[in-house]
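Asks: Take a look at the letters that make up each chain.
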Amino acid sequence: MVRIRRLLWGLALCLGSALASPAIAQQAPAGERCYLDGWGDALRCYRVPVSQSVGQSGHFPDGLAVMVAPAVNDGGREPLYLLAGGPGQAASELAPLLNAFRKVNRERAIVMVDRRGAGRSGAFRCGFERDMPADLEQFSRQLADCYLQRADFAESLSSRQTVADLERVRRYLGHGRIALWGGSWGTRTALLYQQWHPQSLSALVLDAVAPIDSKVFLAASAAEEALRELERDCVADPECARLGDWKGDLNRLLQGWSEQQARTFPDPLTGAPAAEPVKRWVLANAVRAALYDPGAAAQLPYAVRQASRGNYLPLSGLTGLFINNADSMAMGLTFSVACAESLNRISAEEVARDSADTFLGTAFFDLFHSGCEAWPVSAKPYGAPEPRDHPVLLISGSADPITPPVYAERRLDYLPNRQHLIVAGGGHINSRRGCIPGLIARFLNTPAEPLDKTCVAGIERPPFMVDAYGPALGGKAGAEPAAEEVASD
Amino acid sequence: MMGLGNFSTRRMAALLRKEMLETWRDRRALWMAVCFSLLFPVMIAGSTTFFVKKHAEETTRLALLGAERAPLLEQRLRSDTLKVDALEQGEPRALLAGDYDVVLQLGEDFAGDYRNFRTPQLYLYVDSSSTATGRAERHLQERLGKLQQLVVGQRLVARGVAPQLLAPWKLEVRDVSTPSGRGAMLLAMVPGLLILTLFVASLATSVDTSAGERERLSLETLLLQPMPAWQVIAAKTLAVASMGWLGSLLAIAAMVALMPAMPLAELGIQQATTTAGVITMGLLLLPLALLVAVVQILLALRSQSFKDAQTQLSILQLAPVTVLMALDMSRVELDHPLWQLVPLVGQQQWLKSLLVGDPVSLPLVLAGSAASLLLVAMAVALGARALRRESLLGAL
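Order-wise, the sequence lines are chains E and V. Be aware that the first sequence starts at 2, since it is given in our numbering, and climbs by one per residue. Be aware that the second sequence starts at 319, since it is given in our numbering, and climbs by one per residue.
Incorrect hints may appear among the rest.
As a list, the in silico DMTMM-like pairs of lysine to aspartate or glutamate whose alpha-carbon atoms are at most 25 angstroms apart [what the hints assert, rightly or not]:
hint, chain 1, residue 1, chain 2, residue 2
1, V, Lys488, E, Asp294
2, E, Lys104, V, Glu375
3, E, Lys381, E, Asp153
4, E, Lys104, V, Glu460
5, V, Lys464, E, Asp214
6, V, Lys670, E, Asp75
7, E, Lys454, V, Asp417
8, V, Lys488, E, Asp268
9, E, Lys454, V, Asp398
10, V, Lys464, E, Asp153
11, V, Lys464, E, Glu461
12, E, Lys216, E, Glu461
13, E, Lys104, E, Asp75
14, V, Lys488, E, Asp38
15, V, Lys371, E, Asp294
16, E, Lys104, V, Asp398
17, V, Lys464, E, Glu108
18, V, Lys372, E, Glu108
19, V, Lys401, E, Asp453
FYI, nobody ran anything at the bench for these hints, they're computed from the structure. Note that the coordinates shown come from a computational prediction; the quantities given were computed from them, not determined experimentally.
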């Protein structure tokens, strides 16, 4: 009888446990169901409390916003944390990457942490929501006002704090070792995390690498090199080659850019002249921005050629490709980190050397330089990197206008276990292209084994725009007779 | 007679031992139960794996006629899933009858018309009677659509128009299903098949222990023993149910063991069956196993002969399972909690929930199981009354 009763108890417990735990036992906190734009499946969202010791203006009543795409089948593999660029971009903006990382996500949770001052963790926007003022002085004034209002908060933001917060989130979620994917400035954060918390890290995937001692805001030479590579590829393409010396056209266009041209430059959304005059430095930065994405870069030769003949429409349309990207940066965070950790290390001599003989000149640097004058945060140096033996996968685009492959090749000797994928003609960030997502998944599963890189060569530049009809599908006059021959057969 | 008056635990134990022995000694019945139990988990796992693999590896062969007029088109159409062969000449029908899934032909002055914005024609030859056509068209559209988007984008830029003007809004799809819930579609058949396993696994034994014993004239001897008839029915029910239950437990074990080998993650499905869930599934099938066993025995006893019993039970095993599956497929929602008190329906719903890791209500499971057990008791009483009728033995 006793035995029967015990059996019944056992039965009740079994049922009870089956009923009480609907899903698998989750790590510490359950989180809330939530969604991010660009990814259709539900995520788990958390608010991770952080300390308030940074001063009253650094108040964080809501904690850090953390978004987790749970592994489809959790086999206990290390989760992958995504670190966004900028500085000033939010990890939650990286949700579209989940489409490329589907394979990774089958067995690993993917974690996005909005760092303090970005995205859902109290975005520090300084009122720059959509449009950047085209006037540098006005830009500086607005920044200065913003700084004065929240000087303590601005001072508190740093890579060191972000790395400490990441470590806090890792513990909060009950994760053991974690893998990091960093993009652009996110690679800097990842490399610093590797320096300061090596025991918490399993592997690094760095796309568009900004090594710890690199000066990424000196971008004129890199942009020039990217433009030269575009020129070389254009010359190699018979259709694009017909556009002639468009690069020379660009230099002449920028040098002779007049007030009149700035005021009549058309707006790609309305077709009317732009509300803010498009000044020389804005135009140079627009060309630089087009180099980030090979699809946009492929339209540069034709657009520049047309502009040199007085038709600004294609160049204006090209700037229209980047309209939606403007609001993703939290400018307060951007300047807090960039000024304290990068701009202050750059000398006037280096600027002169970098910008000499380039189409960009100091147009990009000036934006940050004048911004930092309105943003007087103290310098926050890191110290020289120490050797680390984690497996590291580096990804570069050969025509990246801001983090060229030489950064990853020359400045990471302290990482003995690194592999480097270089996408020919690739721009800034290549993790979504071609076979790269598959290689990332394979690297994370077997980080010690060298990857077969042959498929990377199969990633091609998109076809050049050669005329108003777009890309040349067929050969021009020269190829025509062949078609006629077939027809007459 | 019917009372519990001369109930003896010792005699009952002896009877039960005899029934169990006879049941489990029947190798053929045992093998049939085991084989059927393993059959459907292996089939489900196998077919899922096969389809996913086939879907992932499927490639389309495209013959491109007149490719020399648009080399870039040929180059941009090529992908891992679309193999493009540029042919100078060919007859579309013959090509489709050969190795090719689809044939794309460029109009005469394709490149010229394209350059002059005259919307040149592309002719797509398909064989809509071929099973590969749908997939082939999809593969082609994927590539062609991308190229078209690229051309349209460049044409807009060339005219100073931000391509986003073509997208007045962006539709963001938000899927409210859970990764484990997505398995429900794939695993929808499993509860029905588990219940079918109960029927099939106990079929041979139930016929043998009732109609069989009657034909071998050993049932008469059994009834001459000084014990109540309900004991005879109960012992037989327990023995038969043990076989059915074993079959379904084996099927559950095989199903759960095979799940990790199935490419569920590729389908975005989370395997959410817990150990506690598996044990629960086994336990809640027990009352049903008893009910199936006793109903089978009663029907077999009522039948004219061994053969007749087999026929009747074969129909019996299909009827309820067919109804359950039909209800499930036609999306008839039996979601009122009272439905869970109905045998078969209740078990099916609980199994479905447990398979995808959803919670089930403990009170309802207990009440539903009690309802099944009550029916078992009633059936045993009914059987006992039937055994006392001499006509039953004379049914030969």
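Asks: Each hint needs a verdict: does it hold in this structure or not?
Replies: Against the structure, the hints come out as follows:
| no. | hint | result |
| --- | --- | --- |
| 1 | V:Lys488 <-> E:Asp294 | holds (21 angstroms) |
| 2 | E:Lys104 <-> V:Glu375 | holds (16 angstroms) |
| 3 | E:Lys381 <-> E:Asp153 | holds (15 angstroms) |
| 4 | E:Lys104 <-> V:Glu460 | holds (20 angstroms) |
| 5 | V:Lys464 <-> E:Asp214 | violated (40 angstroms) |
| 6 | V:Lys670 <-> E:Asp75 | holds (22 angstroms) |
| 7 | E:Lys454 <-> V:Asp417 | violated (32 angstroms) |
| 8 | V:Lys488 <-> E:Asp268 | holds (22 angstroms) |
| 9 | E:Lys454 <-> V:Asp398 | holds (17 angstroms) |
| 10 | V:Lys464 <-> E:Asp153 | violated (49 angstroms) |
| 11 | V:Lys464 <-> E:Glu461 | holds (15 angstroms) |
| 12 | E:Lys216 <-> E:Glu461 | violated (29 angstroms) |
| 13 | E:Lys104 <-> E:Asp75 | holds (13 angstroms) |
| 14 | V:Lys488 <-> E:Asp38 | holds (10 angstroms) |
| 15 | V:Lys371 <-> E:Asp294 | violated (34 angstroms) |
| 16 | E:Lys104 <-> V:Asp398 | holds (17 angstroms) |
| 17 | V:Lys464 <-> E:Glu108 | violated (30 angstroms) |
| 18 | V:Lys372 <-> E:Glu108 | holds (22 angstroms) |
| 19 | V:Lys401 <-> E:Asp453 | holds (23 angstroms) |
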